[in-house]
Structure formats: C-alpha cells, structure tokens
Amino acid sequence: MTPAEGAGPARKPTRKPRSRLDLPGSRSLRLQLLSWVVVPLIGLVAVNLWTSSRSAFATANLVTDRVLLGSARTIAEQVTMTEGVLDATVPPAAIEMFDTGDRDSVYYRVETAEGRLLTGYPDLPIPPEQAKAGTEAVYRDRMLRLRSYSHPIFGAGKDSPIRVTVGVTLSGRDALERHLWVSSFAQQVALVVIAGILVLIGLRRGLAPLLKLRDAVRSRGKADLAPIDVPEAQTEIRPLIDALNAYMDRVRAQMAAQRRFVANAAHQLRTPLALLSTQAAYAQREIGADARGEALAAIQASTRRLARLAEQLLTLSRAEPGSRRPRADRIDLADACREVLERLAPIAVDRGIDLGLEAEDGVGVVGDATMLKEMIANLVDNALRYGRPGGSVAVEVCARKEMAVLTVTDDGPGIPEAEREHVFERFYRISETGAEGSGIGLAIVREVADNAGGKIVLSDGVSGGLCVEVSLPLAAG
Amino acid sequence: MRLLLVEDNRDLADWLARTLRQANYVVDVVHDGEDAEHALAVGEHALVILDLALPKLGGLDVLKRLRARGNSVPVIVLTANASLDNRVRGLNAGADDYLAKPFEIEELEARIRAQIRRASNRTEPVASCGDLSFDSNTRLFKLGEDVLALTPREHAVLEQLFIKAGHTVSKGALSSAVYDFETDADPSAIEIYVHRVRKKLEGARVRIVTLRGLGYLLKAEA
Numbered sequence: 363m364t365p366a367e368g369a370g371p372a373r374k375p376t377r378k379p380r381s382r383l384d385l386p387g388s389r390s391l392r393l394q395l396l397s398w399v400v401v402p403l404i405g406l407v408a409v410n411l412w413t414s415s416r417s418a419f420a421t422a423n424l425v426t427d428r429v430l431l432g433s434a435r436t437i438a439e440q441v442t443m444t445e446g447v448l449d450a451t452v453p454p455a456a457i458e459m460f461d462t463g464d465r466d467s468v469y470y471r472v473e474t475a476e477g478r479l480l481t482g483y484p485d486l487p488i489p490p491e492q493a494k495a496g497t498e499a500v501y502r503d504r505m506l507r508l509r510s511y512s513h514p515i516f517g518a519g520k521d522s523p524i525r526v527t528v529g530v531t532l533s534g535r536d537a538l539e540r541h542l543w544v545s546s547f548a549q550q551v552a553l554v555v556i557a558g559i560l561v562l563i564g565l566r567r568g569l570a571p572l573l574k575l576r577d578a579v580r581s582r583g584k585a586d587l588a589p590i591d592v593p594e595a596q597t598e599i600r601p602l603i604d605a606l607n608a609y610m611d612r613v614r615a616q617m618a619a620q621r622r623f624v625a626n627a628a629h630q631l632r633t634p635l636a637l638l639s640t641q642a643a644y645a646q647r648e649i650g651a652d653a654r655g656e657a658l659a660a661i662q663a664s665t666r667r668l669a670r671l672a673e674q675l676l677t678l679s680r681a682e683p684g685s686r687r688p689r690a691d692r693i694d695l696a697d698a699c700r701e702v703l704e705r706l707a708p709i710a711v712d713r714g715i716d717l718g719l720e721a722e723d724g725v726g727v728v729g730d731a732t733m734l735k736e737m738i739a740n741l742v743d744n745a746l747r748y749g750r751p752g753g754s755v756a757v758e759v760c761a762r763k764e765m766a767v768l769t770v771t772d773d774g775p776g777i778p779e780a781e782r783e784h785v786f787e788r789f790y791r792i793s794e795t796g797a798e799g800s801g802i803g804l805a806i807v808r809e810v811a812d813n814a815g816g817k818i819v820l821s822d823g824v825s826g827g828l829c830v831e832v833s834l835p836l837a838a839g
Numbered sequence: 128m129r130l131l132l133v134e135d136n137r138d139l140a141d142w143l144a145r146t147l148r149q150a151n152y153v154v155d156v157v158h159d160g161e162d163a164e165h166a167l168a169v170g171e172h173a174l175v176i177l178d179l180a181l182p183k184l185g186g187l188d189v190l191k192r193l194r195a196r197g198n199s200v201p202v203i204v205l206t207a208n209a210s211l212d213n214r215v216r217g218l219n220a221g222a223d224d225y226l227a228k229p230f231e232i233e234e235l236e237a238r239i240r241a242q243i244r245r246a247s248n249r250t251e252p253v254a255s256c257g258d259l260s261f262d263s264n265t266r267l268f269k270l271g272e273d274v275l276a277l278t279p280r281e282h283a284v285l286e287q288l289f290i291k292a293g294h295t296v297s298k299g300a301l302s303s304a305v306y307d308f309e310t311d312a313d314p315s316a317i318e319i320y321v322h323r324v325r326k327k328l329e330g331a332r333v334r335i336v337t338l339r340g341l342g343y344l345l346k347a348e349a
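Chains V and P, in that order, give the protein sequences. Count the first sequence with the working numbering and you get residues 363 to 839, in order. Count the second sequence with the working numbering and you get residues 128 to 349, in order.
Keep in mind that the hints are not guaranteed to be accurate.
[To be verified] Per label pair, the in silico range of CB-to-CB distance:
{"no.": "1", "chain 1": "P", "residue 1": "A316", "chain 2": "V", "residue 2": "E656", "range": "23 to 29 Å"}
{"no.": "2", "chain 1": "V", "residue 1": "L676", "chain 2": "P", "residue 2": "A246", "range": "56 to 62 Å"}
{"no.": "3", "chain 1": "P", "residue 1": "D262", "chain 2": "V", "residue 2": "E656", "range": "27 to 33 Å"}
Please keep in mind that the hints were generated in silico from the structure rather than gathered at the bench. A virtual CB, placed ideally from N, CA and C, is assigned to each residue, including glycine.
Starting from the given sequences, assemble the full structure and let the hints guide the process.
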C-alpha cells in the first residue's frame with residue numbers, strides 16, 4: 363500500500379474545493395501522520411514476514427523429518443527374523459504417510475549393519491551417521507530429504523542393528539512451507555490495512571476541529587473580525603485559535619483607528635468647504651467689481667489653506683506607524699533645518715518675522731528623512747503662523763549628552779499651561795487664537811518624533827512665546 | 128430683520144455675515160459661546176444661526192440655556208458633525224432646524240425664511256399692506272409692480288414697521304432691529320431713516336404715521 367492510495371482525494375471530509383489541508387503531497391498533515399504510522403508498520407511487517415518465512419521453512423522441515431522418522435520406524439518394525447533370515451517387508455502405511463496430494467516420490471533403503479541391502483533402492487544416498495535432523499541430497503536429479511533410523515533386531519547377530527533410510531521429494535514440504543507463510547502474510551497485511559484505517563479514522567476525528575477552524579475562517583465575511591470560537595478544539599489547537607483572535611484584534615484596532623482618522627479628516631474639511639461655498643455665493647451675487655475682486659482673492663486664499671490642510675492630512679496618515687516602510691536614513695539636522703527654513707522664508711518675509719537658524723554642524727539623527735523634514739517644517743510653520751507679526755522665530759540645533767536637540771522658539775502668545783498636553787492631539791485647536799490652524803501640525807510632530815524614538819517638551823520662550831524642544835537620539839559616529 | 132450668527136471660524140463667520148447682509152438682513156456675529164450668551168440676553172434677534180463646536184461654552188449648552196430661559200427664538204444649528212446622533216441631540220436640545228457643513232448659502236437662506244415665516248405664523252411668502260408688498264423669498268419690497276429701492280438701513284426700518292403693520296413700533300425697538308452690535312446706535316438717526324422711507328412711499332396707498340412720544344406705525348390707506 364502506497365501512501366498515495368491511503369489518503370487520496372476520495373477521502374476529502376468536505377465537498378468544498380481543495381485547500382492545502384486536502385492537497386495530496388507533503389503539505390497534507392493527514393498524509394504525513396498516516397505515513398509516519400504506516401511506513402514503519404510496513405517495515406515491521408517486512409521483517410516479520412522474513413522471520414516467519416524462516417520459521418515456516420523450519421517448521422516444514424521439522425514436520426517432514428518427523429514423518430520420515432515415523433515412516434522409517436514403521437518400516438523398521440516390520441523387519442523380522444524368520445528362521446534366521448531377515449525379512450524386510452515395507453508396509454503400505456509407511457509410504458502412504460507421505461501422500462499429501464503433492465505427488466511426492468518416496469524412496470527407501472533397508473540394510474543390515476554390515477551394509478547388506480535388504481530391500482529398497484541400493485543407490486539411495488545415506489545421511490551421515492551423526493545427523494540429528496534430515497539432510498538433503500540429490501537423487502535421480504531430484505532433491506530429496508532423507509532420514510535414517512537404526513533399529514536393533516533381536517537375534518540378528520552381526521546384522522543388527524538394521525538401518526532404514528527414507529527419502530522423499532520436496533513438493534510436500536514446500537507446499538506446507540508455502541501454506542504456513544501465506545497465512546502469516548495474509549494476517550499481517552490485514553493488520554497493516556486495519557491499522558491504516560484506524561489511523562485515518564483517528565486523524566479525521568482529530569483533525570475535525572482544525573478543519574472546522576478552517577471553515578470558520580474561510581466562511582467569514584470580508585469585514586467580520588469577531589473572535590473565532592471552536593469549542594471542541596484540542597489544547598494543541600487552542601493556542602493557534604488564540605493567536606488568530608489576537609491578530610484579528612490588532613487588525614480591528616488598526617481599522618478602527620483608520621476609520622476614526624478618515625472621519626476626523628472629512629470632518630476637518632467641512633468648515634473650509636462651507637467657507638469656500640459661501641465666498642463663491644457672495645462673489646456671484648455681488649455686482650461691485652471691488653467687492654467681487656475681494657471675494658475672489660478670499661476664495662483663492664481659502665483654496666490655498668484647503669490644499670495645505672489636505673497635504674497635512676496626508677502627511678499625518680503617512681506618519682502613522684505601519685503606513686510607510688520604516689526607514690533609517692542618517693540626516694544632518696542642521697542641513698535639514700536649513701533646507702526647511704529656505705522653503706518657509708517667504709512666509710516669514712510676508713509676516714515681517716525675523717527667522718533665524720543657529721545650528722551646530724554634524725548633529726546627526728537616524729530616521730525617515732522625509733518625515734523628519736516634515737516635522738521641522740510643521741514646527742517652524744506653526745511658529746510663523748502663531749508668532750507675533752514683526753516678531754522673531756529662532757531655530758536651534760545642538761547635541762546635548764546622547765541627544766540631538768532641536769528648539770523652535772517664537773514670541774507669539776504661547777500656549778496656556780493647561781492646554782499644553784492637548785495640543786498634540788489631532789484636530790485640537792487652542793481656543794484663544796484667531797489664526798486658522800488645522801490642529802494637525804503638532805500631531806504630525808509628535809507622531810514623527812515618537813517614530814524616531816524622541817520626545818517633545820513645550821515651555822515658555824524667553825520673550826513670552828512658545829518654545830518647542832524636540833530631542834532625538836543622536837546617530838552613532 | 129436682525130440675525131445672530133454664532134460661528135468660531137472667523138473667516139466663515141465673516142463671509143456668511145457679508146452674504147446675509149447682501150440679502151438685507153442685519154447680522155450680529157459672535158465667535159464663542161459666552162459672547163453668544165450675552166448677545167442673546169441683550170439683543171432682540173429674529174433668528175439665531177448657531178455652530179455647535181464653540182470655544183468656552185459649547186453650542187449645545189448655549190441652546191439649552193436659551194430654552195431654559197424660556198426664549199423661543201428660532202435656532203438653526205450649523206455643524207460639521209452631522210451624524211444622526213448629533214442631529215438628534217441638537218434637535219432635542221431645542222434646535223428648530225439643522226444644517227450640515229458644507230452647505231449651499233441658498234439652502235441656509237431658505238431655511239432662515241422658513242423659520243421666520245413659521246415664527247410669525249405666516250404661510251404665504253408674500254404679504255402686503257395697502258399697495259406695498261413684501262416677498263420674504265426675494266426679500267424685496269414692491270409698490271404695486273415696481274421694486275422699491277432701499278438702502279440696507281431703510282430696508283431694516285421698513286421691514287420692522289411692515290412686520291408690525293397696524294401696531295406701534297417704539298423708536299427703541301426700531302433701532303434694535305436696525306443696528307448690529309458693531310454700530311453705535313444713534314436714535315436720532317432712526318428719524319432720518321424713517322424720513323427717507325416716508326419720502327420713498329410718497330404717492331403710495333400706505334404711510335408711516337408718527338405717534339409723538341410713542342413711536343411709528345405703518346398704516347394702509349383706504
């Protein structure tokens with residue numbers, strides 16, 4: 363029996379399309395377990411058959427020897443002394459003993475101790491004196507099994523004991539051996555087959571919870587992330603189910619966060635859109651060219667703000683853990699600041715703000731370069747937006763102990779102590795400011811700093827504004 | 128017709144007010160819940176447009192307090208969060224109508240008119256006094272078939288008198304309908320506006336009667 367016959371597709375437990383569990387091949391658990399049981403069993407049976415063939419051979423020989431001996435005895439006992447002459451008459455029973463239907467030929471030879479032939483075939487080979495069992499020899503081109511028996515004859519003098527040698531061809535013995543071996547073979551094959559069937563039944567029952575788990579997972583709706591329960595699962599399968607459920611929990615949390623984010627983002631776009639629509643309606647109804655021009659300029663400004671909001675939302679979603687492949691760029695903080703400040707300089711000029719950078723060179727940090735620059739841009743942009751028009755914004759970069767420290771200080775109204783812990787929350791806006799912030803900038807800053815293993819501290823600036831200090835682990839070397 | 132607009136986004140508040148003023152409404156604008164409370168306690172507004180996400184005091188609280196004081200001024204709630212839950216809460220707190228951002232200004236105006244119509248128990252959009260008629264949809268006065276050209280202040284004066292046609296309107300009531308919070312109310316200027324409107328109504332079968340010491344009254348002539 364080959365394994366392929368043992369667990370073929372015909373034994374599929376369900377009518378559903380094949381899955382990995384059903385595939386005939388090395389990935390099938392059932393096939394593996396079955397082969398672990400059946401292959402060694404077949405090996406054992408082979409060894410067993412070999413030994414049993416040996417023992418069948420020995421048994422057949424033994425039986426033949428006994429019959430030979432019995433036949434010899436019967437012949438010997440019929441030898442009598444009649445009037446001083448040895449008379450050997452072979453009784454038919456002695457020959458008929460061998461009649462097993464195998465058409466064996468029987469040969470005999472009865473002779474005196476001195477070797478005088480009394481009856482039988484004079485050229486029949488004689489086994490050696492000391493032979494305890496039958497011996498085999500070729501006689502008339504056929505293999506014979508031979509046995510001799512010495513029998514004392516009372517009163518025969520020098521002729522006693524007589525020796526009777528009986529030989530028989532091997533068909534009967536071979537038939538007996540075959541018979542013994544075949545019945546043993548049949549038993550053992552039956553044993554393997556029964557064991558295989560039992561293993562299959564056991565496996566089917568044992569694997570049922572696993573298959574049920576598979577069906578439970580497969581039959582799920584796309585959005586169904588509720589925990590799976592297979593009550594009859596064994597203790598070995600439980601951890602798998604638990605792990606699966608834990609994984610789905612994580613996915614569910616991630617999806618909920620994503621949904622919240624999208625809802626928040628959509629919410630965040632509603633007011634600017636209402637503004638845009640109002641401005642457009644106003645412009646449409648206004649007849650005066652000046653008022654119209656003013657409205658159109660306002661529409662342009664609103665559009666720009668909306669674009670920036672959309673950009674920030676995108677940045678924030680990119681800054682979320684898991685949304686970008688983690689990167690470990692080594693960036694020079696001073697270079698990054700210079701690049702960002704150059705980009706934002708026009709805003710500073712517009713608002714008459716003195717934007718300055720004071721940076722130590724060679725302050726390196728490791729992280730996602732794009733996101734780190736985005737973080738710096740948001741910090742500086744915030745400072746420019748909320749700072750006092752005509753005031754100043756200072757950006758500083760230095761290495762302190764094992765940390766790279768980036769400080770952005772403005773001289774605007776600052777953030778009240780009580781609100782400082784909230785400003786990093788998404789979409790949070792400080793109540794007092796008139797400026798139209800999106801409430802996303804600092805959330806981006808925190809997300810990026812967190813991802814890079816840094817931390818943020820808010821404090822009062824020297825001249826009353828806000829001072830944001832971001833510390834990031836210093837890059838080695 | 129004087130409205131109170133409570134909206135914390137200054138740009139949106141500013142542009143909404145401008146657009147409503149285009150339609151001859153007198154609009155007061157406040158940006159937070161506390162200011163809204165004060166405005167509602169002092170001013171006499173025909174309708175309130177209320178954003179729910181307000182600093183200091185939430186729009187829902189403003190609304191609840193307003194209703195607790197027994198003030199039944201129509202309130203249209205304006206909000207970015209228009210979930211079912213939120214709408215139900217707003218309406219339960221005493222809002223008369225609900226509008227989700229972003230909205231079309233036409234819809235807001237239509238809802239304002241509907242609320243004012245209901246508050247004044249009128250069903251027809253067009254009302255008349257003598258040969259003077261007012262279409263609350265177009266917010267225009269007509270004499271016969273001709274549109275009466277009025278400045279915003281003149282419009283406010285005439286509208287107030289028109290609403291109370293046949294009844295005396297005190298000078299104080301008239302000025303509170305005409306001036307928003309930003310303007311220093313000058314009671315003597317009311318007389319000027321009344322005078323101008325009166326001139327524009329010359330020859331019509333309706334006139335403004337002065338009741339010395341009491342106020343004014345719009346009266347249809349036979």
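To see whether the hints hold, each was checked on the structure:
| no. | hint | verdict |
| --- | --- | --- |
| 1 | P:A316 to V:E656: 23 to 29 Å | holds, 27 Å |
| 2 | V:L676 to P:A246: 56 to 62 Å | violated, 46 Å |
| 3 | P:D262 to V:E656: 27 to 33 Å | holds, 29 Å |
The structure fails to meet hint 2 from the earlier list, while all remaining hints are met.
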